[in-house]
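Sequences listed follow chains A and B, in order.
Take 1 as the starting number for the first sequence in the working numbering and just add one per residue.
Take 1001 as the starting number for the second sequence in the working numbering and just add one per residue.
These are calculated hints, taken from the structure and not from any lab test.
Every residue gets a Cβ at the ideal spot worked out from N, C-alpha and C, and that includes glycine.
Any given hint could be a false lead.
[To be verified] With the Cβ distance kept under 8 Å, some of the chain A side facing chain B (calculated, not the full set):
1. S99
2. V102
3. G106
4. G120
5. D169
6. M185
7. A200
[Claimed, not checked] Listed next, the stretches of chain B that the computed footprint assigns to chain A, with coverage defined by at least 3 CB atoms under 8 Å from CB atoms of chain A:
8. 1040-1047
9. 1050-1061
10. 1162-1171
[What the hints assert, rightly or not] To list a few chain A residues with every Cβ distance to chain B over 10 Å, as calculated:
11. G54
12. A72
13. G188
14. K191
15. A194
2 protein chains.
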Amino acid sequence: MSTISIIGSGSMAAAIAGRACKAGYNVEIVSRDPAKVRALADKLADKANTGTYGAPPSGDIVILAVPYSGIAMVVADFGKALDGKVIVDIANPVAPDLSGLVTPHGSSGAQETAKSLPAGAHVVKAFNTIFGHVLIRGGRLDAFIAADDAQAKACVSTFVERLGLRPFDVGGLPMAHTLEALGLMMIGLAKNGAGTWDLAMNVNIG
Amino acid sequence: MSTISIIGSGSMAAAIAGRACKAGYNVEIVSRDPAKVRALADKLADKANTGTYGAPPSGDIVILAVPYSGIAMVVADFGKALDGKVIVDIANPVAPDLSGLVTPHGSSGAQETAKSLPAGAHVVKAFNTIFGHVLIRGGRLDAFIAADDAQAKACVSTFVERLGLRPFDVGGLPMAHTLEALGLMMIGLAKNGAGTWDLAMNVNIG
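Looking at chain A on its own, in the form it has when it is part of the complex:
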């Protein structure tokens, strides 16, 4: 099985890395904080390694598992090292008070990230509508994907499927806005009508 790289050492990084290791992937974890990334890799046993922050990641798929506010720095720090990679943007660009999205009109976090990446990198929006603890818990989960590059999208779709999720293509990268709004809607749902964060959104067909 191939290698995937994860930049970040928080709860989403841990949740995706955990499922990827179980699915047989070699997982490279990279972070500005070597101690945190080492601790996470140790927990994940021998399928996980640590990489060098800012150096070209080993995986063809690179997951940006940092908060939206931290993406610009990561992209600047890696620069050309991300060229040619499939970049998975999992961020929910929500205001600190969770009242709305912080993205510009007519754009999305994923599109803003795409603008700052090397031209040969392909951004795929995914995972932002699945809470980290729900991803760890497992069970039937649907994963929504938006991207412009068909090959990059197919690549992430296969990855997601091997992780035991059901991938659903929602369209091109501009549809990332709808997924980011869905992320915010789920936060609203958790705080209001559902009364729990232990929730997922599923597609019911037919």
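Model the placement of chain B on the given structure of chain A, informed by the hints.
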């Protein structure tokens, strides 16, 4: 059982009216096209009546079942007749080519509608994430609701529940934007990953 009023005579008007009649509501249907509204009321049997376009609706709940582009005219034509009513906005304010939302930055269709209504009317966003043919088909369906006025929201929540749907409060009226984005996301899903319009979004808890 109380009366609800529906302004519109299209597929969503028919779907909501059909379920409301079955649930025992008296349904008043109102439209600028008397022939269409008469034909719809006749199909729905003796629980449905037609009302006069522009006159005060009989129901405390008034469902605006017209396209987003038609709401401004309806609101202007009814004017003060909608004062004190619970106004249910079911519109998906999507561009004709379905590429995005047409609402202003930081707002939503429901909030724009609220601005043009009499001060005593309370807008509730609901039903926009359920396709009309799916609403007719039945089965387990989740209905997402956003509103600022707690009493209006509770009122619509009860209505939705009596229709056999599971209501979920996602927060205040600004959260209508997330529901409108979810409506667009479902269109993208139907055209892309799901490959069918016969789909619904459900909440999976625990």
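Checked hints:
At about 7 Å, the closest approach between the beta carbon of S99 of chain A and any beta carbon in chain B falls short of 8 Å, and the interface hint on this residue holds. For V102 of chain A, the suggested interface contact is broken, since its CB lies about 11 Å from the closest CB of chain B, more than 8 Å. For G106 of chain A, the interface hint holds, the least distance from its beta-carbon to any beta-carbon of chain B being 7 Å, beneath 8 Å. A hinted interface residue such as G120 of chain A counts as satisfied when its beta carbon comes closer than 8 Å to some beta carbon of chain B; here the least separation is about 25 Å, so the hint is violated.
The criterion of a C-beta within 8 Å of any C-beta in chain B is met by D169 of chain A, whose closest approach is roughly 4 Å, and the hint holds. For M185 of chain A, the interface hint holds, the least distance from its beta-carbon to any beta-carbon of chain B being 4 Å, beneath 8 Å. The beta carbon of A200 of chain A comes within 5 Å of a beta carbon in chain B, closer than 8 Å, and the hint placing it at the interface holds. Counting residues of the stretch 1040-1047 of chain B whose CB falls under 8 Å from any CB of chain A gives 0; the rule of at least 3 is not met.
Here's how the stretch 1050-1061 of chain B fares: 0 of its residues keep a CB closer than 8 Å to some CB of chain A, so the rule of at least three is not met and the hint is violated. Only residues whose beta carbon comes within less than 8 Å of a beta carbon in chain A count, and the stretch 1162-1171 of chain B has 5; three or more means the coverage holds. Residue placement check: G54 of chain A keeps its beta carbon more than 10 Å from all beta carbons of chain B (closest about 35 Å). In this structure A72 of chain A is separated from chain B by more than 10 Å, as the shortest Cβ-Cβ distance comes to about 21 Å.
The non-interface label for G188 of chain A is inconsistent with chain B: the shortest C-beta to C-beta separation is roughly 4 Å, within 10 Å. Its closest Cβ contact with chain B, about 7 Å, brings K191 of chain A to no more than 10 Å, contrary to its assignment away from the interface. With a cut of 10 Å on Cβ distances, A194 of chain A falls inside the contact zone with chain B, its closest approach being about 6 Å.
The structure shown violates the earlier hints numbered 2, 4, 8, 9, 13, 14 and 15.
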